[in-house]
Amino acid sequence: MSRTYNIIKYICLLTWAAFVVFPFLWALSTSFKDANAVTSGARYIPWVEFEPSLQGWTSLFASGSQGINIVTPFMNSASVTLLASIVSLSLGTLAAYGLSRFSYKAGFIKNADITFFFISQRIMPPIVLAIPFFLMLKEIQALDTILGLVIVYVALLLPIAVWVMTDFFASIPKELDEMAMIDGCTPIGAFFRVILPNSTAGLVVAGMFCLIFGWNDFFFAFILTFTETQLLPVAIVSLNSSVTPWWSLSAFALISVTPLALIAIFVERFMSRGSLAGAFR
Amino acid sequence: MLSLKNLSTADRKRPLSNLDADLKSGKIYTILGRTGAGKTELLRAVMGLDDISGGHLELDGQDLAKRPVRKRQMSMVYQQFINYPHLTVLKNVAFPLRRQGLSAEDASGRALVALELVGLAGFEGRMPSELSGGQQQRVAIARAIVKKARILLMDEPLANLDYKLREKLREEFPRLLAQNADGIILYSTTEPAEAMQLGDEMIVMHEGHILAKGPPEEIFEAPSTVEVAKLISDPPVSIVDGKIVGGKLVLGETVLPENADLKLPMDGSVKVGIRPDALSVGGDMPATVVLAEFSGSDTIVHVTFEFGAAVMLVEGIHEFVPDQSIAVSMDTSSLLLFSEHGDNITERRSDG
Numbered sequence: 001m002s003r004t005y006n007i008i009k010y011i012c013l014l015t016w017a018a019f020v021v022f023p024f025l026w027a028l029s030t031s032f033k034d035a036n037a038v039t040s041g042a043r044y045i046p047w048v049e050f051e052p053s054l055q056g057w058t059s060l061f062a063s064g065s066q067g068i069n070i071v072t073p074f075m076n077s078a079s080v081t082l083l084a085s086i087v088s089l090s091l092g093t094l095a096a097y098g099l100s101r102f103s104y105k106a107g108f109i110k111n112a113d114i115t116f117f118f119i120s121q122r123i124m125p126p127i128v129l130a131i132p133f134f135l136m137l138k139e140i141q142a143l144d145t146i147l148g149l150v151i152v153y154v155a156l157l158l159p160i161a162v163w164v165m166t167d168f169f170a171s172i173p174k175e176l177d178e179m180a181m182i183d184g185c186t187p188i189g190a191f192f193r194v195i196l197p198n199s200t201a202g203l204v205v206a207g208m209f210c211l212i213f214g215w216n217d218f219f220f221a222f223i224l225t226f227t228e229t230q231l232l233p234v235a236i237v238s239l240n241s242s243v244t245p246w247w248s249l250s251a252f253a254l255i256s257v258t259p260l261a262l263i264a265i266f267v268e269r270f271m272s273r274g275s276l277a278g279a280f281r
Numbered sequence: 001m002l003s004l005k006n007l008s009t010a011d012r013k014r015p016l017s018n019l020d021a022d023l024k025s026g027k028i029y030t031i032l033g034r035t036g037a038g039k040t041e042l043l044r045a046v047m048g049l050d051d052i053s054g055g056h057l058e059l060d061g062q063d064l065a066k067r068p069v070r071k072r073q074m075s076m077v078y079q080q081f082i083n084y085p086h087l088t089v090l091k092n093v094a095f096p097l098r099r100q101g102l103s104a105e106d107a108s109g110r111a112l113v114a115l116e117l118v119g120l121a122g123f124e125g126r127m128p129s130e131l132s133g134g135q136q137q138r139v140a141i142a143r144a145i146v147k148k149a150r151i152l153l154m155d156e157p158l159a160n161l162d163y164k165l166r167e168k169l170r171e172e173f174p175r176l177l178a179q180n181a182d183g184i185i186l187y188s189t190t191e192p193a194e195a196m197q198l199g200d201e202m203i204v205m206h207e208g209h210i211l212a213k214g215p216p217e218e219i220f221e222a223p224s225t226v227e228v229a230k231l232i233s234d235p236p237v238s239i240v241d242g243k244i245v246g247g248k249l250v251l252g253e254t255v256l257p258e259n260a261d262l263k264l265p266m267d268g269s270v271k272v273g274i275r276p277d278a279l280s281v282g283g284d285m286p287a288t289v290v291l292a293e294f295s296g297s298d299t300i301v302h303v304t305f306e307f308g309a310a311v312m313l314v315e316g317i318h319e320f321v322p323d324q325s326i327a328v329s330m331d332t333s334s335l336l337l338f339s340e341h342g343d344n345i346t347e348r349r350s351d352g
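Residue numbers (this note's numbering), protein chains in the order written: chain A, 1 to 281; chain B, 1 to 352.
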């Protein structure tokens, strides 16, 4: 490739990288500022342009008027997201396998309709679901509890898992299932012994989507919880009082993005291996 | 014995209709047919992978229809190289044995023997994705023969391999299949030479029907219909329209010389099958070259006569150019005669 092409390529990449990285740098520098440093104009370099302060970070582990304790919302968010993702992934994988391998028919309803039914849950605006969810959780006394949120999140994440996994199973030749049955497996045995071990790439992608959507949800966490079970996105908002504590918000944002960033790094390495490549012809 | 009684299937691209056959233990049956003839559908029906819509499938007198795939004591080699991507070569081959309840040690022992047999000793620890196509198919074959199944189904196992590998593996097949000597082997292929070379018996299929079955040489010598004749050799038998006039065979305007061996039927229209090796260069029949292609050490020449098109097999490599006029002679002793409906009516004096 020509030199000009390379130069243009790197200019584009650097511009894009700046767009992506700059907000993080901004948040990082802001999290070490105090009120003065934030309001006195654009300053980025610690010790030179402003005196760094740990106030933003310490306030996240204080309580009462000193700030807000981030540990409980963090653990709540982690439990709800993990539990809901595990349940969604397990149920979704089984459903997707059934949809990709067996033909169902009930009147005019066939496999494609069932798949669409799952996906259609995500087409509806969340507000439509909010009221029924609220009433149902109230009925089973699960409002403002981890269990209640897990139930709701499973309903939200299941379509994603079914969608991704149906697509993934479609890429595995049916002959592989057949071979397993010829070699002595039951249909369920074929799934667990042969198909599932070859589905890591799909499971990782579906799992990642579940974790991202679950972790980032604000709407349902806001509506279905009050004081007992606060999740991270809601806790961030509750920081916002008459004076916006940009330093605490920045620190908070960095903490809440860390788990997803770590997952992204792990998944990226995993997916590049392409575990099915070259296995079939 | 595996019996197909009036076997029919539905729902797939090529439904099978009313297949009848008795397949005996210890024999290799080759199923010959073009792509889409129903070979794969037949194997899948026998395996239990596709439902039977009519008729019966019996193994030693017992109905197989209700027996699940895993309990059919069969094994299969697909055209695609199907192996378990997450298992090593050794574990792939040991897999069916482990499912039969063998200990890991016994299963590995037998798998190693099978791998050595297919020429993959030393590859036990590799993953299938690290092997070439030919080696992957060898793993699949090892896994199929290690079970010593009652019925071994092979669905065009060489179709996806390149020419050299195909030849090599085909040469090894008799030795490999001997491992399953007590079982019934069903081997489907589109290549006549492969079907004749490997099969104790041959089943010719076309459009979901069995057209002919029997020893390969018998089917080759006396194909029962025009369709069978077209299928049993490569290059194929050419079929042209002819008639018998006054006890002589006439193709178009050409009156063929009488042949002492070929007994002609009563006057009327016939279809004439010309084997590719019945034609040779040099003679008194004018022909025009359409196309010439090399096949190994032979030249396949497509020619047109005034009475129709035919394919000629010439030994050795010869240059022919399209539209070239050549003179051809025809060995009438090997001609095949069919009725207008396509049934074989060839009679030879030497037969009776």
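Source of the hints: derived by calculation from the structure; they are not laboratory data.
Please note that a few of the clues may not be correct.
[Said to hold, decoys possible] Distance condition first, Cα-Cα at most 16 Å in a straight line; then the derived EDC-like pairs of lysine to aspartate or glutamate:
#: 1; chain 1: A; residue 1: Lys174; chain 2: B; residue 2: Asp50
#: 2; chain 1: B; residue 1: Lys213; chain 2: B; residue 2: Asp331
#: 3; chain 1: B; residue 1: Lys91; chain 2: B; residue 2: Glu105
#: 4; chain 1: B; residue 1: Lys71; chain 2: A; residue 2: Glu178
#: 5; chain 1: B; residue 1: Lys263; chain 2: B; residue 2: Asp331
#: 6; chain 1: B; residue 1: Lys230; chain 2: B; residue 2: Glu171
[As the list claims (entries may be wrong)] Residues from chain A that face chain B, not an exhaustive set, calculated with beta carbons under 10 Å:
#: 7; residue: Asp167
#: 8; residue: Ser171
#: 9; residue: Pro173
#: 10; residue: Glu178
#: 11; residue: Ala180
#: 12; residue: Thr186
#: 13; residue: Gly189
#: 14; residue: Pro197
#: 15; residue: Leu203
[Claimed, not checked] Not close to chain A: a few residues of chain B, all C-beta gaps over 10 Å, as computed:
#: 16; residue: Leu23
#: 17; residue: Arg34
#: 18; residue: Pro68
#: 19; residue: Pro85
#: 20; residue: Gln100
#: 21; residue: Arg170
#: 22; residue: Glu171
#: 23; residue: Ala181
#: 24; residue: Lys243
#: 25; residue: Pro276
#: 26; residue: Asp284
#: 27; residue: Glu306
#: 28; residue: Pro322
#: 29; residue: Ala327
C-beta atoms are modelled at their ideal positions from N, C-alpha and C, and glycine is treated no differently.
Beyond 10 Å from each Cβ of chain A, as asserted for Pro322 of chain B: Per Cβ check, Pro322 of chain B is outside 10 Å of chain A; nearest 37 Å; holds.
Claimed clearance of chain A by Gln100 of chain B, with the beta carbon kept past 10 Å: For Gln100 of chain B, whose nearest Cβ neighbour in chain A is about 6 Å away, the distance does not exceed 10 Å, so it is violated.
Proposed proximity, Asp331 of chain B with Lys263 of chain B (alpha carbon, max 16 Å): At roughly 14 Å apart (the allowed maximum being 16 Å), Asp331 of chain B and Lys263 of chain B satisfy the hint.
16 Å limit on alpha-carbon distance, applied to hinted pair Lys174 of chain A and Asp50 of chain B: holds (13 Å)
Chain A versus Ala181 of chain B - minimum CB to CB distance exceeding 10 Å, so not interface: holds (20 Å)
Separation of Pro276 of chain B from chain A, once the least beta-carbon distance is taken, above 10 Å: Given a closest Cβ separation of 33 Å, the condition holds.
Least C-beta distance from Pro68 of chain B to chain A larger than 10 Å: Violated, since 8 Å does not exceed 10 Å.
Status of the stated non-contact between Leu23 of chain B and chain A (beta carbon gap over 10 Å): holds (18 Å)
Interface-negative label, Asp284 of chain B against chain A, beta-carbon threshold 10 Å: holds (52 Å)
Chain B contact restraint for Leu203 of chain A - C-beta distance below 10 Å: Violated, because the Cβ-Cβ distance from Leu203 of chain A to chain B comes to roughly 13 Å (cut-off 10 Å).
Status of Glu306 of chain B, Cβ more than 10 Å from any chain A Cβ: holds (47 Å)
Hint consistency between Lys230 of chain B and Glu171 of chain B [alpha-carbon to alpha-carbon, up to 16 Å]: violated (25 Å)
Comparing the model with each numbered hint stated earlier shows that hints 2, 6, 7, 8, 15, 18, 19 and 20 do not hold.
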